[in-house]
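**Q** Chain by chain, the residues:
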Amino acid sequence: MTIEEQIRDIVAKITRVDKSIITRESTFKEIKADSLDVVQALVAVEETFGIEIPDEEAQQFKNFGDFVSYVENHVTQTEKV
Amino acid sequence: MSLEGKLALVTGGGRGIGRAIALKLASQGADIIIDFFRRRDTAEQTAKDIEALGVKAEVVRANVGDPAKIDEMFDMIGNKFGRLDILISNAASGVGRPIMDIDVKAWEWTMDINARACLLCAQRAAKLMEGRGGKIVSISSLGSRFALPNYTIVGVSKAALEALTRYLAIELAPQGICVNAVAASAVETEALKFYFKEGLVKDNRQATPAGRMVIPEDVADVVAFLCSEEAFMIRGQTIIVDGGTSVGLFALAGKENNEHG
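As given, the protein sequences belong to chains A and B, one line each in that order. Numbering of the first sequence is given in the working numbering, commencing with residue 1 and proceeding in unit increments. Numbering of the second sequence is given in the working numbering, commencing with residue 1 and proceeding in unit increments.
No wet-lab data here; the hints were simulated from the structure. All values reported here derive from a predicted model rather than from experimental measurement. Idealized CB from N, CA, C, for every residue including glycine. One or more hints might be untrue.
As the list claims (entries may be wrong) - Derived DMTMM-like pairs (lysine to aspartate or glutamate); straight-line CA-CA distance at most 25 Å:
#: 1; chain 1: B; residue 1: Lys105; chain 2: A; residue 2: Asp55
#: 2; chain 1: B; residue 1: Lys105; chain 2: A; residue 2: Asp9
#: 3; chain 1: B; residue 1: Lys69; chain 2: A; residue 2: Asp9
#: 4; chain 1: B; residue 1: Lys105; chain 2: A; residue 2: Asp18
#: 5; chain 1: B; residue 1: Lys69; chain 2: A; residue 2: Glu46
#: 6; chain 1: A; residue 1: Lys19; chain 2: B; residue 2: Asp103
#: 7; chain 1: A; residue 1: Lys13; chain 2: B; residue 2: Asp112
#: 8; chain 1: A; residue 1: Lys13; chain 2: A; residue 2: Asp37
#: 9; chain 1: B; residue 1: Lys48; chain 2: A; residue 2: Asp37
#: 10; chain 1: B; residue 1: Lys193; chain 2: A; residue 2: Glu56
What the hints assert, rightly or not - Selected chain B positions facing chain A (Cβ under 10 Å, derived; list incomplete):
#: 11; residue: Arg38
#: 12; residue: Arg61
#: 13; residue: Val95
#: 14; residue: Trp109
Starting from the given sequences, assemble the full structure and let the hints guide the process.
**A** Below, the structure is given as structure tokens:
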């Protein structure tokens, strides 16, 4: 499973939306994620991938794709394998 | 009042009220462990500011809403320091919603961080305070006893926190541990700017007999007193820091109360 698929599963579970509607262009608002959903998704992703996503970085995410790209860029090579 | 040689943990100590408390305790000579969750940058800045006061600072990341993270944090403190003298249960979160929009997820998130965390931290802290006395101060808010719009979950969690403070004060007293709470009205912090923006709180200077908003340092001064030996006979109390706002019903007054500020 790719990083994107794993994050999509996490976000879909937290927001209780069908994961098929979550695209890289989807904004958190479009997938009905409130501020608590976003924090819980950040925490779940951090724990899954063993990384830390600072709030000041997360606030820059315009859509799901930005979130995925950030994680892809910060997960170590070992974890990607 | 001196806290020289004491070790204090301030949950949520990187910013706002927690930062002011951390700096105040440090200014009195205590070494400080700052717990943070979402903002490493502010926690590390606060640690630098603490070290500039000539004491030691340690930064630890733990979401106190997660019992496993609390355990990891206290395991670190136990292994590295083997002791603790002061616990400030300050970290807080909350979901501002009308009652009809509150769901289980928002309730649990808020209660876990604002109320349960104090219990779990106090349990672990009490063991590290064994044979040394100790001080525990929880940070509450006026929402525990007065209803504010969209503040239900936080208010209820703070009421639970204050009740827990009383029980802790009684049960930990035989170990020489003093437990109290400080409850503030709206305090000028980054968090308050959010409440202003959302229209949940307005500037309350005109309803404050003391003539200005409460600032984080006002809360920190009272916390520091409760951590001193001078406060030894104060147990299980919630000290209100609000410039007198809650004493009167100024919302009903025909003219502005504050005419001196």
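**Q** Evaluate each hint against the coordinates.
**A** For each hint, the structure was consulted:
As the CA atoms of B/Lys105 and A/Asp55 are separated by approximately 21 Å, the hinted pair is consistent with the 25 Å bound. Restraint check for B/Lys105 and A/Asp9: satisfied, since their Cα atoms lie roughly 18 Å apart, inside the 25 Å limit. Under the criterion of a C-alpha separation no larger than 25 Å, the hint pairing B/Lys69 with A/Asp9 is consistent with the structure, at around 24 Å. As the CA atoms of B/Lys105 and A/Asp18 are separated by approximately 19 Å, the hinted pair is consistent with the 25 Å bound.
The hinted pair formed by B/Lys69 and A/Glu46 meets the criterion: a straight-line CA distance of about 13 Å does not exceed 25 Å. Between A/Lys19 and B/Asp103, the direct Cα distance comes to roughly 22 Å. Compliance with the 25 Å bound is thereby established for this hinted pair. Using a Cα cut-off of 25 Å, the hinted pair A/Lys13 and B/Asp112 holds, with the two alpha carbons roughly 20 Å apart. Using a Cα cut-off of 25 Å, the hinted pair A/Lys13 and A/Asp37 holds, with the two alpha carbons roughly 10 Å apart.
Using a Cα cut-off of 25 Å, the hinted pair B/Lys48 and A/Asp37 is violated, with the two alpha carbons roughly 32 Å apart. For the hint linking B/Lys193 to A/Glu56, the alpha-carbon distance of about 17 Å falls within 25 Å, and the restraint holds. Residue-level restraint check for B/Arg38 holds (minimum Cβ-Cβ distance to chain A is 4 Å; threshold 10 Å). Given the 10 Å rule on beta carbons, the hint for B/Arg61 holds: about 7 Å separates it from the nearest Cβ of chain A.
Evaluation of the B/Val95 hint against chain A yields a held restraint, the C-beta minimum of about 5 Å falling below 10 Å. A hinted interface residue such as B/Trp109 counts as satisfied when its beta carbon comes closer than 10 Å to some beta carbon of chain A; here the least separation is about 6 Å, so the hint holds.
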